[in-house]
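Undergrad: Take a look at the letters that make up each chain.
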Amino acid sequence: MRTTTTTTTGEPKARDDVVDVAYELSQVLDTGLDKETLSILMALCENGVNPEALALVVKELKRESEDFRAQEFVS
Amino acid sequence: MVGGVSTTVAGARYEENQGASARDERTVALLGKLCTKAHATNPQKVSGALSRSVGIIVRENEGENGAVMQASSSSLDSFGMEASIAASVQRQLVRTGKRDEATGLPLSVKFAELHETLSRKGVLKRYGSLLRLLNQLSRHWNGLDGADPSAVSSASASAGGNTMVPFKVIGGEEFNHPGVQRNKNGERATIRKLKYFRIKERDDFQSLHERDLVRDVLFVAQGIDGKYVKFMPSEDKYGIDPEYVVSAQARELTTNLCEIGWLYRRLQYQAESFEGEEEQGKGSTQQAFFSSVRDHLAHYYRMLALVESKVMASTSSADAKSLAYGEVGAGGLIEREMKGAKVSLRCLAIMLSEPMQQLRVLAILCDAAKDLKGGMLINKLFELAKHGDPYVRSLVDGILHKVCKPLFGMISRWIFEGELHDPCGEFFIQENPSVSLDDVWHDGYCLRTEMIPVAISDQVAKTILRTGKSITFLKKCCEVKEWGDFHSMSREAEKSLQFGSSNTNNSVETFESFVHKVAKRVDSHLMQTLFYNFRCGDHLQAVKRYLLLGQGDFIQQLMDLSGEDLSEKAGTVSAYQLGSTLETAIRSSVVQFDDPEILNCLRVEMMPHASEEYGWDVFSLNYVVRSPLTCVFTETAMKKYLRVFNFLWRLKRVEHALCSVWQSMKPSVQLFDRVRNEGSENVVGIKDEVRRCHCVRNEMSHFCMNLQYYIMFEVLEESWTEFEGKMKNASDLDTLIEAHETYLNNIVEKALLGERSQALIRQLNLVFDLIMRFQGFSGRIQEILKEASSKRRLRTLRAEVESAQGNWGLNGDDDEGGDAEGEDVDCFPERFLYSTRYELDAIKGDYKILVDGFLKLFPTVPHIDLGLLEQKIIFST
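Going down the list, the protein sequences come from chains U and B.
Going letter by letter, the first sequence gives residues 1 to 75 in our numbering.
Going letter by letter, the second sequence gives residues 1 to 877 in our numbering.
Please note that the accuracy of each hint is not assured.
[Said to hold, decoys possible] With a straight-line Cα cutoff of 25 Å, these simulated SDA-like cross-link-like pairs (lysine to any residue) come out:
(1) K517/B with S507/B
(2) K121/B with V21/U
(3) K405/B with D20/U
(4) K35/U with G32/B
(5) K33/B with D30/U
(6) K33/B with R63/U
(7) K110/B with R63/U
(8) K110/B with R69/U
(9) K121/B with D20/U
(10) K237/B with V21/U
(11) K98/B with K110/B
(12) K37/B with E72/U
(13) K35/U with T36/B
(14) K856/B with V21/U
(15) K37/B with E36/U
(16) K33/B with Q27/U
(17) K666/B with L833/B
Since the hints were made in silico from the structure, they are not lab data.
Take these sequences, add in the hints, and give me the full structure.
TA: See the structure below:
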């Protein structure tokens with residue numbers, strides 16, 4: 001984990017707020033993301049990743065884990 | 001964990017300023033985390049999932065290759081994006097109608113609040129991206145968990161359905177087969193690939209930000225391709241590069257604004273292509289037009305520079321603001337917009353609206369004016385200047401004013417100097433270079449009707465034509481160097497020579513009055529020159545006196561002197577001989593005191609003749625004038641004069657013939673007196689015939705006299721008086737020429753020489769022929785009478801001589817008587833008496849028939865007043 005000492009904008013509190021608000025937003029939209037995943041995704045977004053692609057990735061991962069769970073269940 | 005996230009975000013911020021590969025690494029690291037999180041229960045799957053995820057992302061970015069990468073669609077939180085995604089999400093939330101379980105508020109309201117908070121915070125640089133991500137993942141409308149990713153992506157790719165309608169996602173094609181792609185790209189050099197979606201540092205990181213569009217539009221407005229907004233030749237318009245994703249709203253605004261670039265390009269092209277063609281001679285009006293277009297373009301540049309400086313100022317201030325944004329943040333949206341002073345596309349649209357309109361009008365003008373020149377161009381502009389919009393009107397007026405300038409220059413040169421400088425054929429006056437000096441006035445110049453500006457009426461155009469023509473005429477034909485001082489006038493011209501559509505009436509009036517003023521001066525100068533220097537009036541009078549037989553004694557002399565020569569066959573008559581006869585006639589009549597200059601103009605002319613014609617038929621007088629007067633005495637006018645002369649000459653000749661009959665008959669009376677005593681029947685019979693001859697001659701003479709009276713008094717003098725009045729009042733040469741033509745036509749028509757009275761003139765010629773026949777006939781009678789009388793005298797003389805010798809006797813007396821009787825019979829044989837009587841009867845009868853026929857034809861020419869003539873002729877017969 002990197003530290004925030006070198007950042008130029010805002011303090012950690014503001015970021016926490018942001019993640020909170022974003023989380024609330026994601027709940028309103030019923031995305032089914034937990035806070036941690038959301039924060040990773042936010043970081044990815046900020047990093048300039050195409051949101052559509054990211055959405056795909058998230059869905060893919062979700063599907064994979066579900067498949068796996070289902071297999072486990074079957075076995 | 002929260003703290004960790006925040007550091008991640010902060011880390012991301014930090015990473016922005018690091019090298020691209022660092023960011024790629026970071027992306028991979030974050031993805032790794034994501035995968036770890038997702039497959040927490042199944043760690044052996046993590047690495048596979050990671051490589052697949054990277055594959056997906058790389059593929060997403062591959063759609064936008066090369067330079068495009070810099071501003072790839074991954075960086076979608078550009079201008080308007082947030083707002084439009086938010087709006088779209090909001091709409092969909094409203095549609096679902098779900099409510100928050102805790103507060104009972106509609107989800108849409110809650111979303112709006114949260115959105116507001118987040119956007120105001122402004123910590124997230126790519127808030128729009130996040131929104132899109134969440135939107136994609138929302139289970140409200142993206143189906144249940146675990147929906148087929150390809151289905152979702154293709155739905156989003158086609159930009160249809162209820163997903164983000166305003167967006168177009170690039171690379172949709174590849175999306176259709178994500179499975180294949182995934183396998184293919186799966187494990188390959190992921191890091192290397194990732195550099196494709198590496199995004200440039202600094203500003204462009206937020207590519208297709210409104211600021212970029214604004215800047216690009218400004219470029220486009222100067223006809224330069226922007227970075228994102230480029231000219232697309234295939235569609236002939238500017239547009240945002242289709243490879244960039246921009247909100248529909250922004251796209252539309254930009255496209256609308258790009259019209260200005262299109263217009264500018266067009267204008268520039270036209271102005272340039274005009275310059276290229278300049279050598280071919282497009283004419284001064286066209287040059288003026290394009291120069292004023294260029295002026296307007298310069299004005300457009302100034303406006304553009306102003307706008308640009310405003311934009312620059314605002315961007316720099318906006319940059320400054322963004323630093324201090326945290327503090328201002330609480331101010332709310334409206335305040336932000338107010339204070340931000342950031343030039344948005346909308347702002348730009350407002351600022352560019354005036355230049356745009358200007359360009360639009362200019363483009364219309366250019367299109368309209370492309371192939372026009374001179375008056376046609378001006379007319380077109382006039383037409384376009386009639387516009388309801390005062391802005392357009394004033395703009396077109398301004399151009400019109402400039403375009404009219406060269407035309408006015410031409411007009412003033414023409415009416416002041418008589419110079420026609422029009423290499424490109426724009427002026428409404430056209431020179432006919434191949435015309436001879438004599439025809440300069442009539443055919444030298446003409447109007448190009450299509451080139452006359454609407455503001456100049458035909459009348460004024462004619463006046464302008466005449467004025468310049470007068471000056472040219474003065475210079476060329478009259479060799480006059482001065483035609484009035486126009487220096488003061490030309491100054492005045494500067495002021496009065498202008499018009500536009502707005503104040504057309506007024507300026508056109510001043511223009512017209514000005515033209516008339518100049519025209520009046522030039523005209524009067526010309527008339528003065530013609531009448532005083534070239535004695536036009538004297539010549540007209542002289543022509544009337546000589547060619548229209550106004551000078552009676554001269555004509556009489558000429559006829560007497562040339563009678564003998566003219567009785568010869570036409571072929572044997574020498575014009576030279578007749579010339580000297582003319583000289584003699586001049587010397588022996590009052591005419592000798594006339595101005596020699598005028599007398600020199602008189603010539604004898606022999607008309608082309610057939611072999612059996614006599615001198616009488618071909619003889620004619622001509623009046624030859626020199627150059628400046630030829631405009632009045634044109635060839636056609638002279639032809640008419642000659643026609644009239646020939647007719648009058650014939651009439652005169654007939655009259656002359658009748659006079660000579662009279663002359664020869666007078667002595668014959670004495671002859672009869674002498675032979676009366678002899679008292680033979682035959683002689684008495686002859687005497688009766690001679691008396692009848694007198695009667696016939698009288699009738700004929702009466703007819704001729706009255707006809708002559710009609711021609712001289714009712715036709716010639718009347719027309720002349722009328723013409724004289726007009727001539728004195730004629731203010732310009734055209735009027736004079738016209739009056740002269742009317743005068744001549746009048747004469748020709750009234751003297752029965754016109755088209756409609758041909759039957760009459762034919763009849764009249766028959767009458768004349770008959771009279772000439774009569775002359776011959778009476779001549780023969782006189783001859784025989786003379787012969788008889790001389791024989792008689794011879795006999796008497798012989799008798800006297802014999803009686804004086806003293807050898808007279810009965811025999812002799814008887815002989816003499818018998819002889820006398822016998823000789824009388826010889827002199828006046830009975831058949832001679834009968835033939836004379838017969839011929840006279842024939843002549844008399846023919847004459848009556850012909851004159852009756854002539855009179856009967858009068859009603860066929862109702863346009864000529866022949867009432868008095870008819871009365872007089874009938875009175876006598």
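Undergrad: Take the hints in turn and mark each one as holding or not.
TA: Now the hints, each set against the structure:
The suggested pairing of K517/B with S507/B holds, with an alpha-carbon distance near 15 Å, which does not exceed 25 Å. A hinted pair counts as satisfied when its Cα atoms are at most 25 Å apart, and K121/B with V21/U qualifies at roughly 10 Å. With a C-alpha separation of about 74 Å, the suggested pair K405/B and D20/U falls outside the 25 Å cut-off, and the hint is violated. At most 25 Å may separate the alpha-carbon atoms for a hinted pair to count; K35/U and G32/B meet this at roughly 17 Å.
The suggested pairing of K33/B with D30/U holds, with an alpha-carbon distance near 22 Å, which does not exceed 25 Å. For the hint pairing K33/B with R63/U, the CA-to-CA distance comes to about 17 Å; that is within 25 Å, so the pair holds. Taking the CA atoms of K110/B and R63/U, the gap is near 29 Å; set against the 25 Å cutoff, the hint is violated. Of the pairs offered as hints, the one joining K110/B and R69/U is violated, with about 34 Å between alpha carbons and a cut-off of 25 Å exceeded.
Only pairs whose Cα atoms come within 25 Å are accepted, and K121/B paired with D20/U is accepted, the gap being roughly 12 Å. With a C-alpha separation of about 44 Å, the suggested pairing of K237/B with V21/U is violated against the 25 Å cut-off. This hinted pair checks out: K98/B and K110/B have alpha carbons roughly 11 Å apart, not beyond 25 Å. Using a Cα cut-off of 25 Å, the hinted pair K37/B and E72/U holds, with the two alpha carbons roughly 18 Å apart.
The straight-line distance between the Cα atoms of K35/U and T36/B is roughly 15 Å, inside the 25 Å bound, and the hint therefore holds. Proposed proximity of K856/B and V21/U is contradicted: the alpha carbons are some 123 Å apart, above 25 Å. For the hint pairing K37/B with E36/U, the CA-to-CA distance comes to about 9 Å; that is within 25 Å, so the pair holds. Between the alpha carbons of K33/B and Q27/U the distance comes to roughly 22 Å, so the proposed pair stays at or under 25 Å and holds.
As the CA atoms of K666/B and L833/B are separated by approximately 20 Å, the hinted pair is consistent with the 25 Å bound.
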